[in-house]
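Engineer: These are the residues of each chain, in order.
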Amino acid sequence: MDVRIISWKTKGLRVPDWEINIDPTNGKKTAMIMMPSGMGKTTTLKLLRYSFCDYSKILQKKDILSLQNLNTKELVGEFTINIKIDNQKYRIKSIFDFNKCTLSYETTDPIDGTNKGLNLPDEINKYLDQEYIEKTFFDLELVEKLFESTAATDSINKLYKLYYFKQINNFLDEYLVKKQNESSSGKISKKDLEELKLNRDKLINKQKQLVDLNEKNVNELANLKLEKKKLDKIKNDIENSKKTIKEKIDNSREKISFAKNDLKEGFTEFYSKIRNPILINNEFKKKLINFEKNLNNLKIPESVGRAFFDDLIKSKSCLCGHEMSDDMKENILKSKESILSEDTWLILSVLKHKIRKEAEKETLNLTNLLANIAEKKGKLSIEERKGNEIVDGIDDNKYQEAVKRLNKIDERINQLDLFFKEYYEAPKRTDSPDDNSIKKISNLLEITINKIGEATATENISKKITIIKDILKQTEKKSLDFITNDLVEKINKEIPRVMPFEKIFVKDIKNRIVLEDREEGSAGQQARIGYLFLIKLLDRPNLNFPFIVDSPVTALDDISRSEIATTIASHLNNQYIGLILPKEREDFVDVLEEKTNNKVHLIVAFNTIDKETKKLVNLAKEYDVIKDPDKNYIISYDNKDFFWNFKTNIKSENSNE
Amino acid sequence: MTIDSSILEILKKVCDENNVDEHFKENVQKILENWDTGQNIEEEVKKIINKSD
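Residue numbers (this note's numbering), protein chains in the order written: chain Z, 22 to 678; chain F, 13 to 65.
Everything labelled a hint here was simulated from the structure, so no lab data went into it. Think of the CB as a built atom: it goes at the ideal place given N, C-alpha and C, for glycine as much as any other residue. Be a bit skeptical, because a hint or two may be false.
What the hints assert, rightly or not - Simulated coverage check for chain F against chain Z, where a stretch passes if three residues somewhere in it have a Cβ under 8 Å from a Cβ of chain Z:
#, stretch
1, 17 to 24
2, 34 to 47
3, 50 to 63
What the hints assert, rightly or not - Using C-beta positions, here's what the derived DEER-type ranges look like:
#, chain 1, residue 1, chain 2, residue 2, range
4, Z, VAL239, F, THR14, 39 to 45 Å
5, F, THR14, Z, ASP651, 18 to 24 Å
6, F, LYS59, Z, THR46, 48 to 54 Å
7, F, THR14, Z, ASP107, 19 to 25 Å
8, Z, ARG518, F, GLN51, 40 to 46 Å
9, Z, ILE266, F, THR14, 18 to 24 Å
10, Z, ILE434, F, LYS59, 45 to 51 Å
11, F, LYS63, Z, ASN506, 22 to 28 Å
12, Z, LYS460, F, THR14, 30 to 36 Å
13, F, GLN51, Z, ARG426, 47 to 53 Å
14, F, LYS63, Z, LYS250, 35 to 41 Å
15, Z, LYS524, F, GLN51, 22 to 28 Å
16, Z, LYS254, F, LYS59, 54 to 60 Å
17, Z, ASP651, F, GLN51, 49 to 55 Å
Construct the complete structure from the given sequences, taking the supplied hints into account.
Structural biologist: What follows is the structure, encoded as structure tokens:
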């Protein structure tokens, strides 16, 4: 059976009241729906999950309330999805009553029309349970977990219903207890029998507690190991950066010293130039030349002597050209005895020589000189800032926090190791119900049950139940081995096709996916193997069901993105819907387009209620995507220019950021 | 029935390996099938227990 999603429509929910159309019948089996962060990607994924499997008894009050539109506070929300099953149209409406916190369904099918309830064909219904849907409509985090924790085996257990075996085992234990409680043959005293039963009940409780604790501890250990791995990387990165930090600081100091010297030389050059005033300003230069000319005219300093000053007093103007006033004449008379000493004579000679020599040179360009100084000063500032950044980069707090947490993790892992050691300790004669070994407790329980069996003449029941449990236990183990081996074989068969240049094979699936010849693969390699694992795990005879992925490549590098796109385009037959952020476009959607000959729906969708979205509306207008005034959202279909130029961090025109 | 048919096949094999009789085999299989479809399994358990060896 082939299932394809055609469109969906929302009303009164925490996503705009819009309809998104991804009809794959035109050959576009892949749809990229791009939404800005916080505009309902994850909510959409949840609503799609709820449409294919009856979640009315699974969802809690808070799950339902989390879907309510907080702006309109409508009391009923609806999510309607149109699908095609083997080309027959079906419509499923999920109705959320926010007052009663309930979910109900309506299904329209081509034969019976519209009826209450979620009524998909039995052929499909038998596969679509919560586990299947949550693996088929997933986010990338799930793929990452397949390599880190117990997620891979958990997924197999859930999808292949291997957890049934434990449930049946518990039922059989309870059945035996019930039968033993019902019968009494009088072989031992009533008091002794009651004591045995009390012991049995205590041991059953203890056994249950230990199993639960073990399960919790297994999960905790997996998570701690994952956290430890991440923290070790942070710690090592900081340590490596510290090793090079001294080198970086020395290098920076050298550069700062060089820039300081350069600036100093610049200032020296500047001062040496401005010490020659004749070249500072053209007007000043002219006046000095004039001064030298007048000295020449008056034959100064050659004509020094009293007569010179007598002549000067008689003249109409001074050496510098000023008109000779009475005050000036009086001053010359007063000072003529002392003015032209030997020193003054010498100075005037030098001055004349200097003016004559410098007059031939060009006047200095002070603006350029100052700009040169500023440039050198700027270079020094840059080097000083870089130096500060190196020092700031030594993130001691982060390092200390990582070390502190790692110590705590190691301590906890040691505690857990002790728990597991004790948990699997073999039975001894001296065992007590207070022991924490599952083997010891189970052994004590078996002995007690046998004693009660003898006392109540229920040995036959006990014996038969033990056989059933044993048969089921063996079946569970063999089934897990069979499914795991089958999956590994199927995945490895696909590897040469999906990863022709790397050929990284899966060795085993023991809690997590274990790779051949290496501890771990790159993010992209693991993501592709993870996709293969899910494709093969979800493969059902005669069922082709859509894959919907929230943020499919958000944490992946460019190569990994491109590899995932190639896998989807070339090796996935199912309809594929990606709910992506703008930052996920590059190296992913372009590769998908290329590999599918542009058979990809390119959709941009966002609400226009928030104030910040005004910029997005204006941006849309630039690409001929016009907002309908009656609607509070914009959806653009296959407008490539808009899809590729859509951005959420638009700076306003007046912004200086 | 949602449980994979391969698991039922494995169950049959395990029964054979453990030399249980056809009656046991049939009923233990029924236990798994009924559990899968949400039906009571007590009857099947009783049938195994009450069958004389």
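Engineer: Each hint: holds or not?
Structural biologist: Against the structure, the hints:
1. Counting residues of the stretch 17 to 24 of chain F whose CB falls under 8 Å from any CB of chain Z gives 4; the rule of at least 3 is met.
2. Proximity of the stretch 34 to 47 of chain F to chain Z, defined as three or more residues with a beta carbon under 8 Å from a beta carbon of that chain, is established by the 5 residues found.
3. Only residues whose beta carbon comes within less than 8 Å of a beta carbon in chain Z count, and the stretch 50 to 63 of chain F has 5; three or more means the coverage holds.
4. VAL239 of chain Z and THR14 of chain F have their C-beta atoms about 26 Å apart, which leaves the hinted 39 to 45 Å range violated.
5. Checked against the hint of 18 to 24 Å, the C-beta distance between THR14 of chain F and ASP651 of chain Z comes to roughly 46 Å, which is inconsistent with it.
6. Our hint of 48 to 54 Å for LYS59 of chain F and THR46 of chain Z holds, since their Cβ atoms are close to 52 Å apart.
7. At roughly 21 Å, the beta carbons of THR14 of chain F and ASP107 of chain Z sit within the given window of 19 to 25 Å.
8. Checked against the hint of 40 to 46 Å, the C-beta distance between ARG518 of chain Z and GLN51 of chain F comes to roughly 43 Å, which is consistent with it.
9. Between ILE266 of chain Z and THR14 of chain F, the C-beta spacing of about 59 Å breaks the proposed range 18 to 24 Å.
10. Separated by about 48 Å at the C-beta atoms, ILE434 of chain Z and LYS59 of chain F satisfy the suggested range of 45 to 51 Å.
11. Restraint check, LYS63 of chain F to ASN506 of chain Z: a C-beta distance of roughly 35 Å breaks the suggested window 22 to 28 Å.
12. Taken as a hint, the range 30 to 36 Å holds for the pair LYS460 of chain Z and THR14 of chain F, whose Cβ atoms sit roughly 33 Å apart.
13. Distance hint check: the CB atoms of GLN51 of chain F and ARG426 of chain Z are about 50 Å apart, consistent with the given range 47 to 53 Å.
14. Checked against the hint of 35 to 41 Å, the pair LYS63 of chain F and LYS250 of chain Z fails, with Cβ atoms roughly 54 Å apart.
15. Separation of LYS524 of chain Z from GLN51 of chain F is about 48 Å and departs from the stated range, judged on CB atoms against 22 to 28 Å.
16. The hinted window of 54 to 60 Å between LYS254 of chain Z and LYS59 of chain F holds, with their beta carbons roughly 58 Å apart.
17. The hinted range of 49 to 55 Å is satisfied by ASP651 of chain Z and GLN51 of chain F, whose Cβ atoms lie roughly 54 Å apart.
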